[in-house]
Amino acid sequence: MTIETATDNKASNLWGLANPTRFMRFADSVIPFCFIATVLLFAIGLYMSLNAPEDYQQGATVLIMFIHVPAAWLAMMTYSVMSVSALGTIVWRHPLADVSLRAAAPLGAVFTFLALATGSLWGKPMWGTWWEWDARMTSVLILFIIYLGLIALSKAFDEPSEAAQPVAVMTLTGFVIIPIIKFSVDWWNTLHQPASVSRFDRPAMAPEFLYPLLVMALAYIALFFTLHLMSMRNEVLSRRIRSLKMKTARSKGIS
Amino acid sequence: MIALLKREIVSSWRSGSGALMGVLFFLTVVTVFPFAVGPDTRLLTQLAPAILWIGALLASLLGLDRLFTQEREDGSLDLLVMQSHPLMLTIFIKASAHWFTTGLPLVLATPLFGIMLNLSPAAVGVTMVTLLAGTPAISFIGTVGAAVAVKLPRGGMLISILVLPLVIPVLIFGIAAIAGASNTSQPFTGPFLFLCAITLFTSVLGPLAASVMLRHSAD
Amino acid sequence: MIALLKREIVSSWRSGSGALMGVLFFLTVVTVFPFAVGPDTRLLTQLAPAILWIGALLASLLGLDRLFTQEREDGSLDLLVMQSHPLMLTIFIKASAHWFTTGLPLVLATPLFGIMLNLSPAAVGVTMVTLLAGTPAISFIGTVGAAVAVKLPRGGMLISILVLPLVIPVLIFGIAAIAGASNTSQPFTGPFLFLCAITLFTSVLGPLAASVMLRHSAD
Amino acid sequence: MKLIVENLALSRGGQQIVSGISFELTAGEALVVTGENGSGKSTTLRGVAGLLPLDHGQVCLFDETGKQFEEPVREYCHYLGHKNALKQNLTVRENLTFWQDFMGDTLLSVEEALEEVNLSHTIDLPSNYLSTGQKRRVAIAKLLVSDRPIWILDEPTSGLDAQSVDMFSHHIKAFCEDGGILIVATHLPLGLKDTKTLKIGTEPL
Amino acid sequence: MKLIVENLALSRGGQQIVSGISFELTAGEALVVTGENGSGKSTTLRGVAGLLPLDHGQVCLFDETGKQFEEPVREYCHYLGHKNALKQNLTVRENLTFWQDFMGDTLLSVEEALEEVNLSHTIDLPSNYLSTGQKRRVAIAKLLVSDRPIWILDEPTSGLDAQSVDMFSHHIKAFCEDGGILIVATHLPLGLKDTKTLKIGTEPL
Ligand code: HEM
Ligand SMILES: Nc1ncnc2c1ncn2[C@@H]1O[C@H](COP(=O)(O)OP(=O)(O)OP(=O)(O)O)[C@@H](O)[C@H]1O
Ligand SMILES: Nc1ncnc2c1ncn2[C@@H]1O[C@H](COP(=O)(O)OP(=O)(O)OP(=O)(O)O)[C@@H](O)[C@H]1O
Ligand SMILES: [Mg+2]
Ligand SMILES: [Mg+2]
Chain A
1 MTIETATDNK ASNLWGLANP TRFMRFADSV IPFCFIATVL LFAIGLYMSL NAPEDYQQGA
61 TVLIMFIHVP AAWLAMMTYS VMSVSALGTI VWRHPLADVS LRAAAPLGAV FTFLALATGS
121 LWGKPMWGTW WEWDARMTSV LILFIIYLGL IALSKAFDEP SEAAQPVAVM TLTGFVIIPI
181 IKFSVDWWNT LHQPASVSRF DRPAMAPEFL YPLLVMALAY IALFFTLHLM SMRNEVLSRR
241 IRSLKMKTAR SKGIS
Chain B
1 MIALLKREIV SSWRSGSGAL MGVLFFLTVV TVFPFAVGPD TRLLTQLAPA ILWIGALLAS
61 LLGLDRLFTQ EREDGSLDLL VMQSHPLMLT IFIKASAHWF TTGLPLVLAT PLFGIMLNLS
121 PAAVGVTMVT LLAGTPAISF IGTVGAAVAV KLPRGGMLIS ILVLPLVIPV LIFGIAAIAG
181 ASNTSQPFTG PFLFLCAITL FTSVLGPLAA SVMLRHSAD
Chain C
1 MIALLKREIV SSWRSGSGAL MGVLFFLTVV TVFPFAVGPD TRLLTQLAPA ILWIGALLAS
61 LLGLDRLFTQ EREDGSLDLL VMQSHPLMLT IFIKASAHWF TTGLPLVLAT PLFGIMLNLS
121 PAAVGVTMVT LLAGTPAISF IGTVGAAVAV KLPRGGMLIS ILVLPLVIPV LIFGIAAIAG
181 ASNTSQPFTG PFLFLCAITL FTSVLGPLAA SVMLRHSAD
Chain D
1 MKLIVENLAL SRGGQQIVSG ISFELTAGEA LVVTGENGSG KSTTLRGVAG LLPLDHGQVC
61 LFDETGKQFE EPVREYCHYL GHKNALKQNL TVRENLTFWQ DFMGDTLLSV EEALEEVNLS
121 HTIDLPSNYL STGQKRRVAI AKLLVSDRPI WILDEPTSGL DAQSVDMFSH HIKAFCEDGG
181 ILIVATHLPL GLKDTKTLKI GTEPL
Chain E
1 MKLIVENLAL SRGGQQIVSG ISFELTAGEA LVVTGENGSG KSTTLRGVAG LLPLDHGQVC
61 LFDETGKQFE EPVREYCHYL GHKNALKQNL TVRENLTFWQ DFMGDTLLSV EEALEEVNLS
121 HTIDLPSNYL STGQKRRVAI AKLLVSDRPI WILDEPTSGL DAQSVDMFSH HIKAFCEDGG
181 ILIVATHLPL GLKDTKTLKI GTEPL
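Protein chains in written order, with the numbering used here: chain A, 1 to 255; chain B, 1 to 219; chain C, 1 to 219; chain D, 1 to 205; chain E, 1 to 205.
Careful: at least some of the hints might be erroneous.
[Unchecked claim] Listed next, the in silico DSSO-like pairs over lysine-lysine satisfying Cα-Cα at most 27 Å (straight line):
1. E:2 to E:173
2. D:199 to D:83
3. D:199 to B:6
4. A:247 to D:199
Just so you know, the hints here were simulated from the structure itself, not pulled from any lab data.
A quick note: this is a predicted structure, and the numbers were derived from the prediction, not measured.
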């Protein structure tokens, strides 16, 4: 059993399931388009929101909504993406699934933080306090904690491939928070606005707010995918570098 | 399996990791709250269920980190995993043992603390019942955290961070049930049944997730 | 000695319980309370001191018993004990490292919690000072318990019997001090000075007692 | 009964440690795994015992009639690793009784097993009172309390004194003669005759 | 330099395990402690290293001029027990650097020491990535990073492969030639010439 065969097999088994080389090519080709789409959508979205009429009760602060609401939606969407990736890791042991999970976590944390920050910025004029222990704010805060917890967990292992399974399992168990966030406002009657766009019957929001909001949401989504692809690419690269380092360490061990 | 249960309980009793630590922590929590609330006994009585539940919740976190880490360090984990018993069951038993040594003592100690917070006997009864129904869920959810951190020698804090958000629903319904029992305006059975449901639910899902985790974690 | 401090902190940081992790942990603990006592911000503000101190206690109890038992299991304890450094100092350093990962984060994170439990800026200041003065005592007292756990591997019970009753006064004074600062009816300086006294006192007695325990415990 | 291992490849911490490992053992045969420190003996044994995921290759067990058992191989194995799997704060008796009940298929009683490794006098001592070698011998007694057709032993004699080593090699001989399958990784000769040997290549790391 | 041990008696768990142990070692001499499992080798070594209270007897160290050192003997000792004293989640380098700084009296640099036990390639691996024998070799490297006149080693070669054993016996020979005092408990010959030996009586328990 010589090292050559060993390393060959390594190459074939670690990345055997997925073909990251193909993924890299795919990413390289797609990322520019995503980027352009993001820029365009944000341009349109911001333009529309700035021209949106002032709300009769919220005044200019309504502008925050166009940042806040999509951020909140993305916070939840990102977690859903992560949960799907987690399934990929647990069921099919698909290396790329783990890569995407790890890449998505920090993004999700940032979006959640954005929702929290803008939310509490908005809360000050609306409710007079930065922070209320209102059902939705709290549940989103918990989502934030879960994100950070997952990131911490994946950092706690010194070998990425060892972190995959634990993080995936934890991500799936954490998914319960999403429905809680979604329906918290309906379960406990609280300060926070009940869903008026993402409702199962037709939206109850004036179109002049609705359309810019939707465009902004699209912009956020485009942004998410751009960043996600980019950080996935970095993750793959860093792992390759890592295993190269290991390999050289081994060859040194032989000589 | 009885063998495992016995061994777990004896072992953790000998090393005192569970029972007493939990109860005393519980006691501490109960003791210090009055100093924050001040002399107002009415408020205190009103807070009592909350205090007891918080105490129970946090106390159950103690010793979670050792649940599997220790097995791994002394080499037992390998053998536990290899046997023909379904791994889920093995973990279920360990979780139950953890509850017997941390959750149950708290439930039993409740009347004592109820007196300290001058709760009405009825209220004490209700609190005990809800704790009895709810605390097992904490242990079951806890096993997932413990399994996930099995390779981390000092994962105590991390495990708590991962587990606490998940047990919040237990807390919510526990408190709600007590509130329901005390004043007629709110329902009792609803939240209580929810509580039982959660416990049953987690008693399956917790060990399941943990077993997925442990099957190949042993290296 | 710096080497020891560094090693302790790095090691516990690796296995997920560094300062940042600490902050996150306390954030989690604080978040749990509203679910128990209800979203009433006024009440929460009043309970804030108790919440923070209980968090501090929990944080340092998690993994306290591992403080020396782990050293013993991997054989490091023998070497730590043999060196020419005064054992007391070694233990003092370990205790400080323990505080850095459990107590300090709470102190640093207090402003954040100030916002969440809307404390007045003044109150935040006081709370920080009080925690800074008080939390080390928990770690120092803790080391004694941890040392006992090593001395009597199967008498781990003692850890809790020993530590918690000793810690309760710390919590009480800590809470009293904060309460005193927030409302003028109660005194502040009294409890606060007591707190400092306890910390100084334990910072010497704790390591001393622990070193007596450890000197020949290693077997 | 026949154990077939076909070109096994195993990795640790994301790095492939061993690959292309194949051997066949029929009832009564013993395989001695040798190699330098860090060559991958323990890794191989853990792989066969089903304690590590296989990168590729397979481990199967067939009965006399040549049909494969449907249960995973690990359920037919005793695994003795570098660690002894004894709970510090339980007595020797408690430890052994637990494993006997938990593993099932009782073979010897706890007392007899301890007699075999001549440690009967320590039966009621807490197991952290035992010396290193005594602990190891208790772990060997663990193999005798419940019946498994396959023994996978990782440096079983480390810490044993000369006469305990004889005692041990007597036990494994007896086990093989009763048609057991033995896989043992060791640095020291165990006094086994006509065994297959598997030499694992030079230290990869 | 001269180490004198006068009829030492030590007990474990309230039971006297060994008694009447006396020996003298001058610079450059080696003492090999042998005996069955559970006879009390580790106990004796721990007693000499000052890790167990002495029931009676004494352990003293004198310098060339014959005057006794006032510091306790343990401060002049390297002790290598059955455990390796490595923190799982620190890298090999971090572990060794820590012990070097903590023990003081730097001898070899960490890199050199690892070179000596030829493990330089593992220097940046977390130490729980190492195999049993590799861990043991790191523990041996620990003896080389800081300078102590007395080495007390308890079964240092357990888990080592043949060539590492040679490497090790080469090191202890070198140590003795440099006037070190060596006390080693072992079940296996270490290839040391003209050593004193201490045979500890048959298993008391
Ligand atoms: C930190 C505090 C806050 C957090 C964590 C938060 C969180 C959220 C979340 C998660 C959503 C998505 C709801 C859904 O998709 O059903 C949302 C939507 C929304 N939030 Fe907030 N929010 C906060 C503060 C506020 C404040 C102060 C206001 C203004 C009074 C506000 C107004 C809205 C509105 C209008 C929506 C859109 C609801 C819909 O159409 O679905 N939020 N927020
Ligand atoms: N948990 C682990 N994570 C990552 N790598 C590991 C792990 N355990 C061992 N290794 C690596 O795998 C290789 C083989 O280890 P293994 O324990 O199988 O060696 P071994 O043949 O048993 O050596 P020894 O004779 O010392 O027991 C070593 O180079 C080691 O660095
Ligand atoms: N921690 C302990 N508490 C009580 N008794 C102990 C303890 N450790 C060892 N003993 C007893 O002391 C005796 C000697 O133990 P010791 O470890 O010195 O033996 P040893 O010669 O080192 O054996 P080995 O060759 O297996 O290492 C044993 O009979 C054991 O039962
Ligand atoms: Mg090995
Ligand atoms: Mg010994």
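### Query
Is residue 2 of chain E close enough to residue 173 of chain E, meaning Cα to Cα at most 27 Å?
holds, 18 Å
### Query
Do the alpha carbons of residue 199 of chain D and residue 83 of chain D lie within 27 Å of each other, as the hint requires?
Holds - the C-alpha atoms of residue 83 of chain D and residue 199 of chain D are around 23 Å apart, at most 27 Å.
### Task
Compare the distance between the alpha carbons of residue 199 of chain D and residue 6 of chain B with 27 Å, and conclude whether the hinted pair is satisfied.
Distance of about 43 Å is beyond 27 Å: violated.
### Query
CA of residue 247 of chain A to CA of residue 199 of chain D, is that 27 Å or under?
holds, 22 Å
Hint 3 from the list above is the single one not met by this structure.
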